[in-house]
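Novice: What follows is the residue order along each chain.
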Amino acid sequence: MNHDAYDDDYLRGILASVKTIAMVGASEHWNRPSSFAMKYLQSKGYRVIPVNPVAKAPEILGEKVYKSVEEIPFAVDMVDVFRRSEEAPAIVDAAIKKGAKVVWMQIGVRDDEAAAKAEAAGLKVVMNRCPKIEYGRLHGELGWGGANSGIISSKRRKAG
Amino acid sequence: MTKSPPKPGFETLAIHAGASPDPATGARSTPIYQTTAYVFDDVEHAASLFNLQSYGYLYSRLTNPTVSALEERIAALEGGRGAVCTASGHAAQLLAFFTFMEPGDHFIAATKLYGGSITQFGRSFQKFGWQASFADPDEPANFKRAIGPKTKAIFVEQLANPAGAVVDLAAIAKIAHDAGLLFIVDNTMASPYLCRPIECGADLVVHSTTKFLSGHGNAMGGAVVDSGKFDWAKSGKFKSLTEAEPAYHGLKFQETFGDLAFTVHGHAVGLRDLGATMAPLNAFLTITGIETLPLRMERHVANALAVAQFLEKSPAVAWVSYAGLPSSKYFKLAQKYLPRGAGAVFTFGLKGGYDAGIKLVESVNLFSHLANVGDTRSLILHPASTTHRQLTAEQQAAAGAGPEVVRVSVGLETVADLIADLAQGLDKSARG
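As they're listed, the protein sequences go chains A and B.
So for the first sequence, this note's numbering puts the first residue at 74; every next one is plus one.
So for the second sequence, this note's numbering puts the first residue at 815; every next one is plus one.
In isolation and in its complexed conformation, chain A is listed as follows (with noise of 0.2 Å):
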């Protein structure tokens, strides 16, 4: 699997596929990266649950936050990684523990070894993307601020 380019099939796929995700690192501040993101998912659909260990507040956006995947009490289709490189082997294991399909590595985060491991176990993996700017492009919203979103097509597609 080449990690330097995803075809817009595979993307589209598993933003089709997955209905949960576990947000690893998923901030109670709303001015956060990982705030927008959740938020963004969320109105499309999608059950966000939050992973902090060090959060205050109890809830963040309406759900329940969990100090490790392990402690969410249901299963979860993907885990989004919002947190550094570093950590991403510790969070795919955990991820593949859980039964999770898809680990999904936010900009910035890559580990080539921690792919392989779980792409080894079956999950479907995404690195250096946002799940925001990626379900944005495929569903003709990104170009709406002026981005090249590479989709050319000649059918009427719903917004968003």
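Because the hints were derived from the structure by calculation, they are not lab data.
No residue lacks a Cβ here, since even glycine has one placed at the ideal position from N, Cα and C.
The hints are all genuine.
From chain B, some residues computed to sit far from chain A (all C-beta separations above 10 Å): (1) 854; (2) 1086; (3) 1139; (4) 1145; (5) 1167; (6) 1168; (7) 1172.
Covered stretches of chain A (chain B as the covering partner; in silico rule of three or more C-beta atoms under 8 Å from a C-beta of chain B): (8) 204-214; (9) 221-231.
Knowing the structure of chain A, use the given hints to seat chain B on it.
Specialist: Quick look at chain B alone, frame taken from chain A:
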């Protein structure tokens, strides 16, 4: 897993990028969204938009669906991550520098620039405390020598107007990046069909879309394209993109938007506060123009070469400065950076000097005497008496706009008609 289709070619992007059928109506041509504002679903939606948490339209000073279709089109053609369209090319330059310059900061610009850029940089920018110095781009090491502690960027123009100078982009990009500086290229005269500066190391590309992109001389506009590749955090100098922005509750653009930081900032801060927004109608006209950019540029450069070859043989002409001619000192660089043709705007010198220049521009019947370039129509200008008259004699000479110089922008008419018009004009100018 199905494979994605191959990367679309330039001609496909020129027609389709940014312009899927309208999601609301299915309209195939991009509609002109002639509206100032957009309703909010509810207070929460409004808050998300104001906080930059959601994608969406808020107010047309910042973003507009017709304008954003054009932005994506231009970004795609330049191979950039995103683009910000503006009211004019000058507004694009102002917005580009406004994003990262602080009072007391310095940048180095090429001496061979459109005269309006020299005036904007050298005079008006001083009011913001932005210092510009100028270096001859024919010798890239000149830029290196001009770098000081407050220098943040290097700015050059490819096929620099009016003389058609070809700039060694890769060499200057290396000088800029070795010093942690941003490299900005004005690609108005080449258009992305002839030259793609981002592939040669440019971080930002600016355009007057009024010229070849729009192509028909009917719509003002500008654009800044961001490559998405510049690391704003590395040098610690580009604080507006890396440090907390008070007007957005302490948001940090690079941290939050990654390689879209410049594009988001350009709208959310640049257009918000400078207000130099492109009108939706102008965006529509420019979108329509760009659809035929590849075809037009092919004809522009073919006609330009034929006209240049004719002029080179004319007894009234002292010299022709067209990088597509082997006689040009830029010929080799043009082969490297502009393999499809050296543009359609160039200068030539008249043996009869200043008076012959005035006589020629007043004698032609098909060439239009006006201050623009990149029109379907052929245009002619005597820079020393018009666009470059505000410069000193030294600046005029440095910009390739001395008293004997005439500039043409070769259009899409029948080339034999263009040559005949110039022939009769040169006859009259030589007779005095």
